[in-house]
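Q: Protein sequences, first through last, are from chains A and B.
The first sequence begins at 1 in this note's numbering and counts up one residue at a time.
The second sequence begins at 306 in this note's numbering and counts up one residue at a time.
None of these hints come from the bench; they were simulated from the model.
Nothing here was measured: the structure is a model prediction, and the numbers come from that model.
Watch out, some of these pointers could steer you wrong.
Unchecked claim - Some chain B residues well away from chain A (every beta-carbon gap over 10 Å; in silico):
id, residue
1, G352
2, Q367
3, S379
4, Y442
5, A541
6, V548
7, R556
8, G598
9, K652
10, Q700
Said to hold, decoys possible - Straight-line distance between alpha carbons at most 27 Å, and here's what the computed DSS-like set of lysine-lysine pairs gives:
id, chain 1, residue 1, chain 2, residue 2
11, B, K693, B, K489
12, B, K637, B, K408
13, A, K204, A, K110
14, A, K249, B, K400
15, B, K481, B, K506
16, A, K249, B, K588
17, A, K204, A, K301
18, A, K249, B, K566
19, B, K481, B, K503
All C-beta atoms in this analysis are idealised placements derived from N, C-alpha and C, irrespective of residue type, glycine included.
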Amino acid sequence: MKESSVSLLAKSSIWKKSLNARTALLYLFPSILLFSVFVFYPMFRTIYLSFFLTDQHGSAALFVGLENYTYLLESQAFRNSIKATILFVLYTVPAGVILALFLALIANEKLRGIGFFRTIYSSTMGISVAASSVVWLFLFHPSVGMFNRFLSLMNLPEVQWLLDPDWALLSVSISTIWLNTGFSFLILLGGLQNIDGYLYESAKIDGAGYWYQLRRITIPMLSPTLFFIITISLINAFQSFGQIDILTKGGPSQATNLIVYSIYREAFVNYQFGTASAQAVFLFLCILIVTILQFKFGERKVHYQ
Amino acid sequence: MKKNVRLLFLFSVIFSMMLMAACSNNESKPEPSNPNDEEEGTAESPGKVEINFWHAMSGAGQEALDSIVSDFNSSQDKYTVNAEFQGSYEESLTKLRSVGGTKDAPAITQVFEVGTKFMIDSGYIEPMQSFIDKDNYDLSQLEENILNYYRVDGKLYSMPFNSSTPVMIYNKDAFKEAGLDPEKPPQTFNEVKAAAEKLTKSGEQYGFSMLTYGWFFEQLLATQGGLYVNEENGRAGDATEAVFNGEEGLRVFNFLNDMNKAGTFGNYGTNWDDIRAAFQTGKVAMYMDSSAGVAAAVNNSPFEVGVAFIPYADDIERQGVAIGGASLWMSKGIAEEEQEAAWEFMKYLTTPEVQAKWHIGTGYFAINPAAYDEDIVKAEWEKYPQFKVTVDQLQQTKPSVATQGALISVFPESRQQIVTALENLYQGADPQEVLDQAAEGSNRAIEIANKTKK
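Given the sequences, and given the hints that come with them, work out the whole structure.
A: As structure tokens, then:
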């Protein structure tokens, strides 16, 4: 009787001790459930499929081990996709963030009617990728496009924006930068508005000029927001799909066949879910590495108040 | 605190149950087999069989199709057909893959011509031939050259529906201006090259253009009698190797390469609308289009438009063209009366009256040639004499495995390889080299398909 009461006590104390953990699990339960259904299961399924060749219906048919991966690494087309993806990230992320930062800085000034400009600058956020890509498609149009009209008005040679492999990636990048500016702008403007005014006041009293304030107060205070925006832009750039599908379909000469688009085509046009999954795993690893590197090196420069 | 936790627990349990309910409930379509189902046909008489028809026709095609379907529904009181637009050919095929072979599958699906082999292998479908035999349906009334494409091992697996062929469309006014006879369009590769030379005005107008699309390459190959894959174009057995990189394919690539190098070829990419706009704004004097695009080209161009047969290689006899477009497939695994309904609808579609309406509404061929004798077609042909050229080209085609068209299950992938090859060609790559690369890519796809085939 005594023993049982002791063990009961011990039990209840374990029960009590784990109260926090149990509460935490309970709170996490909905998100764990959602993540399992929509993220973890598809992820493991993708890894599983990447070791198979799939049949016409897209179900795993023939186990091939790592063959899909070795094929990818040897494939000229996939190496080209990697190169295009890296170039695309380099074209869009720095330019997009700097543009959004510039717009946020000028829109942060307290002037009459500034609300109008803030709305305009963030307006691209309200436009879907598909709709805006169609508009860009017309701007880039080889024979009736606006850009070529302007060029010929100025007696410059026409540019095959989306048909020349040297230009296509740049053209898609321009539309992507435009598309992403609204979101980056809004977040950066929010960050700017959060910086306490007294910092600038005391800097002014100390006689600091605009550029000095920008370098020593604005940028450091904005760094958590900037860090967030750079991370998100990077991930977005790696995952860009809609504008490619509508503007170039990965062409010409595979110049804009980014990894995500190549995955889509492999899976839903060619029904090779095996090789598509292998590419997806590869892309996942790339984004993971880049994000880890960024947190390791980029975050050091971030100043949290 | 404790109360909160309990509440939260309750909430998450309810939430997860809702989620599961939502997951298991997705995509449950109204079941066509049950006419008493609440969701449908409450106003219909109970004996009516209702079937779904998935198609990929948008724009003018959809309008014409919807009106044909509603005519059918009101023409008899036994069956009701619901025409449902399912996106592009590729998209609707993707959707079919998820329901194919089950009772949720639509009774009729429209699948593009290069999906033929896939559909036969899929096991989703009831061969059309079984109904043709049962009903003693007279196939000879249909266009032989169209049937040839869809007939595999002497059996008709699907009912041809919308068929088109490629044509060369040209600007008659530009021909006159360049001193060419607008009534005598160039016929061979060399003649086209020479005409393109004369028609090109630097910076303003290119002589010739072709959409960067595998279909046109296939056609230029077929008209020389060239094969796309081995095993008699995949008709004698499962193809194992692409052979389009032979002599005939090289001729096509050289033809394009010569003009591109000479600056007489305009490259307008992979988008149909772009190349059509280029022609209609006078930037290109000759280009290849589908016969289904003829009416739009004639209507939208501010100049006189001519239509010609597609060019063929010099010193070779013209073989004609292979069919493009789509056919209708009947599902297996659905109720018998639904198959019955699908068959009745397909028979209705092939009548001359319906085909006449379809032909003038869309520019697709009439699969029943008797339609060309209908008055509405005659009137339309008077208005657009260009239509007749497309029909002549089809009827003058010599039946052979080349003009029957290739049969492989991985056609979409192979076409993509051709597109890449053409794009590289236009950037100055060697014709034979890019063709070999495309063949290699197609071979891998064919190999995987054969390996994983059950």
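Q: Look at each hint and say if it fits the structure.
A: Verification of the supplied hints:
At roughly 36 Å, the least C-beta separation between B:G352 and chain A is larger than 10 Å, which holds for a residue marked as non-interface. Here B:Q367 stays apart from chain A, with its beta-carbon at least about 20 Å from theirs, past the 10 Å limit. Distance check on B:S379: its Cβ is at least 37 Å (rounded) from any Cβ of chain A, clearing the 10 Å threshold; non-interface status holds. No Cβ of chain A comes within 10 Å of the Cβ of B:Y442; the nearest lies about 30 Å off, and the non-interface call holds.
With a closest Cβ-Cβ approach of about 20 Å to chain A, B:A541 is found to remain outside the 10 Å limit, as its non-interface label requires. No beta-carbon of chain A comes within 10 Å of the beta-carbon of B:V548; the shortest separation is about 20 Å. No beta-carbon of chain A comes within 10 Å of the beta-carbon of B:R556; the shortest separation is about 22 Å. Interface exclusion of B:G598 from chain A stands, the closest Cβ pair being 16 Å apart, more than 10 Å.
Non-interface call for B:K652 relative to chain A: holds, since the shortest CB-CB distance, roughly 30 Å, exceeds 10 Å. Distance check on B:Q700: its Cβ is at least 34 Å (rounded) from any Cβ of chain A, clearing the 10 Å threshold; non-interface status holds. For the hint linking B:K693 to B:K489, the alpha-carbon distance of about 16 Å falls within 27 Å, and the restraint holds. For the hint pairing B:K637 with B:K408, the CA-to-CA distance comes to about 8 Å; that is within 27 Å, so the pair holds.
About 17 Å separates the Cα atoms of A:K204 and A:K110, which keeps this hinted pair within 27 Å; it holds. At most 27 Å may separate the alpha-carbon atoms for a hinted pair to count; A:K249 and B:K400 meet this at roughly 21 Å. Between B:K481 and B:K506, the direct Cα distance comes to roughly 14 Å. Compliance with the 27 Å bound is thereby established for this hinted pair. Only pairs whose Cα atoms come within 27 Å are accepted, and A:K249 paired with B:K588 is accepted, the gap being roughly 24 Å.
With a C-alpha separation of about 25 Å, the suggested pair A:K204 and A:K301 falls inside the 27 Å cut-off, and the hint holds. About 25 Å separates the Cα atoms of A:K249 and B:K566, which keeps this hinted pair within 27 Å; it holds. Of the supplied pair hints, the one linking B:K481 and B:K503 holds, its CA atoms being roughly 11 Å apart against a limit of 27 Å.
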